[in-house]
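Protein chains in written order, with the numbering used here: chain F, 1 to 306; chain A, 1 to 306; chain V, 1 to 306.
Please note: incorrect hints may appear among the correct ones.
One copy or two, either will do: identical chains are not told apart, so a pair holds if it fits within one copy or between any two.
[As the list claims (entries may be wrong)] Only pairs whose alpha carbons sit at most 27 Å apart, straight line, appear in this in silico DSSO-like list of lysine-lysine:
1. Lys206 / Lys218
2. Lys35 / Lys253
3. Lys36 / Lys198
4. Lys206 / Lys245
5. Lys35 / Lys6
6. Lys232 / Lys36
The hints are simulated quantities; they were obtained by calculation from the structure and are not laboratory data. Everything numeric in this text was worked out from a predicted model, so none of it was measured.
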Amino acid sequence: MSLSFKHLTSTKQLTRDDTDAILKVSQDMETLLEKKGGDNRLQGKVLASLFYEPSTRTRLSFETAMLRLGGEVVTADGFQFSSLYKGETIEDTIMVVGQYADIICMRHPEGGSADKAASVSPVPFINAGDGPKQHPTQAILDLYTIQKEIGHIDNLHITMVGDLRYGRTVHSLSFLLGLYENVTFTLVSPAELTMPEKVTDFFKEKGISYTESEEMEKALDADIVYMTRVQKERFADQSEYDRLKLKYILTPKHLEGKNCTIMHPLPRVGEIDPAVDSNPRAAYFREVRNGMITRMALLSMLLQAA
Amino acid sequence: MSLSFKHLTSTKQLTRDDTDAILKVSQDMETLLEKKGGDNRLQGKVLASLFYEPSTRTRLSFETAMLRLGGEVVTADGFQFSSLYKGETIEDTIMVVGQYADIICMRHPEGGSADKAASVSPVPFINAGDGPKQHPTQAILDLYTIQKEIGHIDNLHITMVGDLRYGRTVHSLSFLLGLYENVTFTLVSPAELTMPEKVTDFFKEKGISYTESEEMEKALDADIVYMTRVQKERFADQSEYDRLKLKYILTPKHLEGKNCTIMHPLPRVGEIDPAVDSNPRAAYFREVRNGMITRMALLSMLLQAA
Amino acid sequence: MSLSFKHLTSTKQLTRDDTDAILKVSQDMETLLEKKGGDNRLQGKVLASLFYEPSTRTRLSFETAMLRLGGEVVTADGFQFSSLYKGETIEDTIMVVGQYADIICMRHPEGGSADKAASVSPVPFINAGDGPKQHPTQAILDLYTIQKEIGHIDNLHITMVGDLRYGRTVHSLSFLLGLYENVTFTLVSPAELTMPEKVTDFFKEKGISYTESEEMEKALDADIVYMTRVQKERFADQSEYDRLKLKYILTPKHLEGKNCTIMHPLPRVGEIDPAVDSNPRAAYFREVRNGMITRMALLSMLLQAA
């Protein structure tokens with residue numbers, strides 16, 4: 001199956017045909033993974049995994065995805081970026097690494113770095129997060145998780161909780177859900193951390209129904225409750241943080257009589273009581289596995305091996 | 001061959017049946033290594049090698065062991081632990097990494113971290129050193145080295161030299177040798193660095209014969225002389241360190257007319273004169289190779305491929 | 001094909017027979033790479049890639065070279081060198097790593113470290129740069145690039161531009177070109193950064209023709225123009241640097257009506273205007289790919305698989 005693009009830098013590139021194809025291939029990958037652990041379709045191919053800022057979770061997910069399809073991996077990580085210190089441009093680094101590798105994924109702290117990289121890359125390029133801007137593979141794994149957990153994405157009701165202002169993840173997912181029919185959003189956040197206009201304007205433009213609230217407890221009658229971290233450093237007034245933080249800690253008590261599936265991009269730092277983990281609708285560790293599965297799909301599709 | 005455990009966190013878990021099986025499989029691995037360099041029995045399996053503190057030697061030993069059996073490796077190392085900085089618990093990290101990998105080894109500076117990890121790991125877990133507590137694979141490679149060098153472990157006479165108080169290695173090995181018949185210990189250390197009661201109490205309880213001494217030279221009539229680093233920073237009185245350090249530097253002169261095999265967990269920083277290296281009974285570099293061999297055995301046994 | 005050495009620490013070891021063989025095998029590797037991406041001739045072999053100082057470019061080049069021939073790689077990089085901090089000698093580190101791996105490459109900041117390593121290594125050893133001294137695989141990839149781009153190395157006219165005093169790369173390449181017939185050099189640099197006597201004495205001794213100049217523009221009628229970085233920190237007088245730096249920035253205008261091929265060891269930090277990149281004789285990114293190709297050749301020759 002083929003995609004409408006050679007490089008993946010943003011969820012905005014994705015058409016409904018693209019997401020349909022990715023979800024289909026991901027399902028095949030999940031079956032392959034559970035039956036045989038992987039195969040050798042990417043034998044002889046090398047992924048360059050470039051992480052200008054550390055993100056162990058995302059990096060290991062890409063790397064294990066590549067290895068499980070028989071490919072190989074080279075890694076450059078954080079402090080190892082000597083050429084960065086020598087003042088090389090991102091474009092030159094990518095033109096060099098593209099001589100060695102068959103495909104590149106990159107995490108970089110600077111917004112827009114992914115577009116720079118894709119503009120020159122001689123091989124397929126995947127954005128693994130460029131600062132505050134985009135992290136498209138996170139949105140794709142969330143989409144696959146919703147499909148698996150709920151059985152449909154059209155007609156979904158999703159509640160997003162926490163820091164909706166700075167959370168790159170919820171923005172990317174919101175845009176991606178805009179490709180589907182009749183999705184409704186409940187947006188729960190402190191007043192300081194409401195969803196930014198770039199997203200709510202998008203909702204209005206597409207005629208997507210959404211409501212905003214500060215109360216998590218009243219918003220749990222949804223198909224999905226998507227939790228995120230609220231970071232202390234976002235608050236000018238620490239007492240305001242102290243007042244709010246308890247409102248956004250999900251416990252088993254909240255879930256009594258509820259039927260919602262719980263997602264979280266992880267890492268969590270207290271927003272979900274570990275006692276919730278044993279709830280069969282706590283999907284966040286399955287979500288992690290879906291990250292590897294959807295990256296297996298993307299790597300094989302971009303390398304024409306799906 | 002099978003083991004009595006799924007996760008290896010401590011030598012205390014090991015039964016005599018376990019060590020018998022591990023030594024047997026290690027011998028098979030050594031034969032395989034010398035004949036063919038390895039095989040493909042772990043093809044499709046991925047080891048996650050998590051080192052929260054650096055230990056290049058141990059990490060490369062695990063990773064080459066995995067690769068030589070056809071497996072694959074992903075690594076997270078030191079400064080790369082972003083999620084640690086974001087406040088994620090060890091348990092969450094292991095539950096995440098266990099979604100990606102088929103087996104995990106972890107080095108962590110905190111005592112007890114290995115037990116926390118093993119308590120939640122969805123895949124086999126191996127402790128590669130948890131702070132001051134345990135480093136079971138070091139003890140296993142030492143055991144295999146003794147078997148290879150001396151031909152037997154029952155009826156062994158072993159002299160341990162140096163920092164016996166803080167040396168995790170000599171404690172783990174002492175407990176492990178307690179599984180064997182009629183092993184006798186000579187314990188040579190400065191008064192500040194004698195073997196702790198947790199070990200000598202174990203000797204008394206098991207009826208194991210041991211003697212303590214400050215004199216290395218008189219203790220070299222043993223099957224094994226196991227040297228360790230004495231660290232300057234252990235001494236309140238530096239002149240005491242200066243007086244002692246020369247007593248514990250093994251030179252070719254010490255070994256004249258002796259028949260003992262020399263072991264050392266490495267790295268050494270002066271305790272063994274490099275002129276000793278050419279002595280055929282200097283076993284410490286063979287010990288290093290035995291580390292890879294015994295880890296090949298453990299990885300394949302825990303992954304049901306031995 | 002075989003080489004006159006087991007370990008490669010310096011270009012001074014290389015005979016004309018060696019370079020002939022390496023260029024021949026490199027050509028085979030390039031054909032293999034373009035046709036099939038690689039093969040499995042190094043299956044079961046493990047490269048230890050030891051970088052005591054970061055050099056992402058060189059490290060990824062060695063590692064992808066190994067992986068493309070079916071070999072495996074373990075990496076130790078920068079901050080991860082725990083044993084270094086514990087005071088272990090280079091010799092001990094190499095004797096340990098040589099128990100795990102089948103071949104070792106090492107970058108180290110200390111001149112002479114490569115010779116120390118090679119003197120004890122139980123497996124083939126390749127110097128990937130030892131401080132100010134040698135970086136032989138860079139010179140080999142440059143040689144292969146010249147052969148590919150120009151079609152011959154005998155009778156070459158090469159212009160070297162920039163920091164000729166401290167540039168390890170131009171020294172190594174100069175010595176290596178001394179193996180060939182009738183090579184002539186034009187050496188363009190600021191007065192502060194002229195070619196050192198160790199190289200010009202070598203030219204005189206071998207009867208090699210060279211001229212020195214401060215003017216880049218008049219020196220572009222050569223087969224090869226080899227550009228290098230001029231580092232600001234080399235100048236006591238910053239106004240002198242400001243005066244000179246513009247003289248050594250190559251732009252499309254300089255190349256009008258010229259027929260020279262442009263090389264650069266990279267990274268560049270302004271010496272070559274990116275507008276030059278589209279010139280078909282801009283060879284510096286092909287040079288990068290040739291780095292992987294020549295390292296595929298060297299790894300397979302040193303492991304007796306060429």
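- Checking Lys35 and Lys253: alpha-carbon separation at most 27 Å within a copy, between copies, both or neither? neither (37 Å within a copy, 61 Å between copies)
- Task: Tell me, please, which holds for Lys206 and Lys218 at an alpha-carbon limit of 27 Å: within, between, both or neither?
- Result: within (26 Å within a copy, 63 Å between copies)
- Message: If the cut is 27 Å between Cα atoms, do Lys206 and Lys245 qualify within a copy, between copies, both or neither?
- Response: neither (32 Å within a copy, 54 Å between copies)
- Task: State whether the alpha carbon distance between Lys35 and Lys6 is at most 27 Å within one copy, between copies, both, or neither.
- Result: between (30 Å within a copy, 22 Å between copies)
- Item | Alpha-carbon proximity between Lys232 and Lys36, which holds within one copy, between copies, both or neither at 27 Å | neither (44 Å within a copy, 53 Å between copies)
- Message: Cα distance capped at 27 Å. Does Lys36 pair with Lys198 within a copy, between copies, both, or neither?
- Response: neither (43 Å within a copy, 46 Å between copies)
When the structure is compared with the earlier hints, violations turn up for hints 2, 3, 4, 6 and for no others.
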